[in-house]
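Chemist: The residues making up each chain are set out below.
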Amino acid sequence: MSVASPGERAELDRLLLLSGRGDQKAFAELYKRSSAMLFGVCLRMLRDRGEAEEVLQETYTSVWRYAASFDAAKAGAITWLVTLSRNKAIDRLRQRRVQAPADPGALEEVLDERPTPAADAQSSQEYERLARCMDQLEPQHRRAVREAFFTGATYNELAVRTHVPLGTMKSWIRRSLMQLRTCLES
Amino acid sequence: MSASGDNEQPELRFAEYVLGVLDADERAAVAHEAETRAEAAIALQAWQRRLMPLAEPIAALAPAPYVWARICDALQMNASGRIAPRRNLWNDLRLWRSLGVGALAMSLVLAFVLMMPLAARRTRPGNRIEYMAATLQQTDGVAEWTATMDLRHARMVVVPATPAPAPSGRAAELWLIPAGEKPVAVGMIALDRPTTIALNSALMARLGPTAMLAVSLEPAGGSPTGEPSGPVVAKGAIGAA
Numbered sequence: 001m002s003v004a005s006p007g008e009r010a011e012l013d014r015l016l017l018l019s020g021r022g023d024q025k026a027f028a029e030l031y032k033r034s035s036a037m038l039f040g041v042c043l044r045m046l047r048d049r050g051e052a053e054e055v056l057q058e059t060y061t062s063v064w065r066y067a068a069s070f071d072a073a074k075a076g077a078i079t080w081l082v083t084l085s086r087n088k089a090i091d092r093l094r095q096r097r098v099q100a101p102a103d104p105g106a107l108e109e110v111l112d113e114r115p116t117p118a119a120d121a122q123s124s125q126e127y128e129r130l131a132r133c134m135d136q137l138e139p140q141h142r143r144a145v146r147e148a149f150f151t152g153a154t155y156n157e158l159a160v161r162t163h164v165p166l167g168t169m170k171s172w173i174r175r176s177l178m179q180l181r182t183c184l185e186s
Numbered sequence: 187m188s189a190s191g192d193n194e195q196p197e198l199r200f201a202e203y204v205l206g207v208l209d210a211d212e213r214a215a216v217a218h219e220a221e222t223r224a225e226a227a228i229a230l231q232a233w234q235r236r237l238m239p240l241a242e243p244i245a246a247l248a249p250a251p252y253v254w255a256r257i258c259d260a261l262q263m264n265a266s267g268r269i270a271p272r273r274n275l276w277n278d279l280r281l282w283r284s285l286g287v288g289a290l291a292m293s294l295v296l297a298f299v300l301m302m303p304l305a306a307r308r309t310r311p312g313n314r315i316e317y318m319a320a321t322l323q324q325t326d327g328v329a330e331w332t333a334t335m336d337l338r339h340a341r342m343v344v345v346p347a348t349p350a351p352a353p354s355g356r357a358a359e360l361w362l363i364p365a366g367e368k369p370v371a372v373g374m375i376a377l378d379r380p381t382t383i384a385l386n387s388a389l390m391a392r393l394g395p396t397a398m399l400a401v402s403l404e405p406a407g408g409s410p411t412g413e414p415s416g417p418v419v420a421k422g423a424i425g426a427a
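Respectively, the protein sequence lines represent chains A and B. Okay, so the first sequence: first residue is 1 according to the numbering used here, each after it adds one. Okay, so the second sequence: first residue is 187 according to the numbering used here, each after it adds one.
One thing to keep in mind: the hints can contain errors.
To be verified - Just the calculated beta-carbon pair ranges, DEER-fashion:
no., chain 1, residue 1, chain 2, residue 2, range
1, B, Ser415, A, Asp48, 48 to 58 Å
2, B, Glu225, A, Met178, 13 to 23 Å
3, A, Gly7, B, Pro353, 33 to 43 Å
4, B, Arg338, A, Leu166, 42 to 52 Å
Said to hold, decoys possible - Some chain A residues near chain B, calculated using beta-carbon distances under 8 Å:
no., residue
5, Ala36
6, Glu53
7, Trp64
8, Arg65
9, Ala68
10, Val82
11, Leu130
12, Leu184
Just so you know, the hints here were simulated from the structure itself, not pulled from any lab data. Positions of the beta carbon are idealized from the N, C-alpha and C atoms, including for glycine.
Work out the full structure, taking the sequences as your base and the hints as a guide.
Modeler: Below, the structure written as C-alpha cells:
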C-alpha cells in the first residue's frame, strides 16, 4: 500500500466523510486513491482475479452505502476500508464449496512482508509498532499469524496446511494475539 | 455452534474474528454479538485498529477499469461520479442529509456492515430457508432500504441505503403486504440507522415470495388508521436471501 503518508491518510478520511454525505465526486476520488490498495488485499486473499474484482465491487458498493457510518475518531479510513474488504473476502472464502487443496509448504512460502528499507521510510507508525511486536513472536507463531491474516484461512485449514494438530494451531495463534495486544499496549 | 466454545478469554473471539480464523458459523455468532452489544463492537474495533496495519505492505495493484464501471452501475451512478437527479420526494432526503447527521447515530451502522457476514444472509444449501431479503426501492428503482429477515430468530433488520434524518413530524412505517391481502403493520423504521424488529408469529406466517414490503410516510408514532395513510415511498418483493 502506498498510502502511508499522514497527508494521504487525512485525505482518505476526508473523502470517506464526504462520501458519507452523498458526495459522489469524493467517492470517485476515494476509489481512485484506495482501490489499488484494496484490490491488492482482495487478490492476496482470494488468489483469483475474477473473484477479487467481484469482492472489490461489493466492497465499494458497501463503502458508498455505509460511508455515513464512518467515524474518523474511532478508526482511520484505511482501517475502515481494509476491514470491509477483508470481511467481504473472508465471506467469499467461506462460501467456496471445496477448499483449494492444501499447498504443502504454503506457510513457508508466505512472503516476508517486512518491506525493504527504502519502503520502510514510507510505512506508518502504526505499522512499525505492530511489526516490532510481530518480531517478538516465535518465528513459527509469527508465520501462522501472517498466514491467517493474508489468506483468511480457518484454524482448521491452517492446521492442515502446516501439519500440526488443530489444538496446537489454536494455542499458537491465541498466544500470539494476546502477546501482540500486550506488546502494543506497552 | 458457539464461538466462545473453548475460549477462556472472551476478548480472544474478537481478535480471532478480525484475524479471520473463525469458520462461517463462528463468524456469524461474533458478528451477531457485535450487532447487539456495544462493548463487543468496541472490542472488535480495537482489534481492527491493532491488526489492520499488517495489510500495509501488501502490493497495491490497480483493478481493471470495468470494475469502477460495474460499481457505478450497481449504484446507479454514471461513471464520472454523478448520479442522475432524483425527481421525487426523496429529493428532499438529500436536503435533510445536508443538514448533517450525527456520527453517533451512525455508529451502529458500522457494526452492521462490518460485522454481518455475507454468508449469514445466504441460504445454506440443503437446509430450509433461514433468511429472506427485500430491497425496498422508489418507483425509479433507487434502493432506499434493505430488509433482511432472520427466520430462525424471528427478526428483521431494515437498513437505510442512504441514512437521512426524518422530516419533522413524519416517520416511516413498514408494512407487509401478502398477495391479495391488506397491508399489515410491521413497525416504525428509522431513516438514519438500521432498525431491528421482532417478528410475531402472525407476521412470520405471512412472509414469503408472494408478499411485498412497503414503506409509507406517516405522522410520528405511526398511521392513525392501522392502514397506510401517507405516501408509499418505497417497496419491494421478498425473496430468499
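Chemist: Name the hints, by number, that the structure is in violation of.
Modeler: 4
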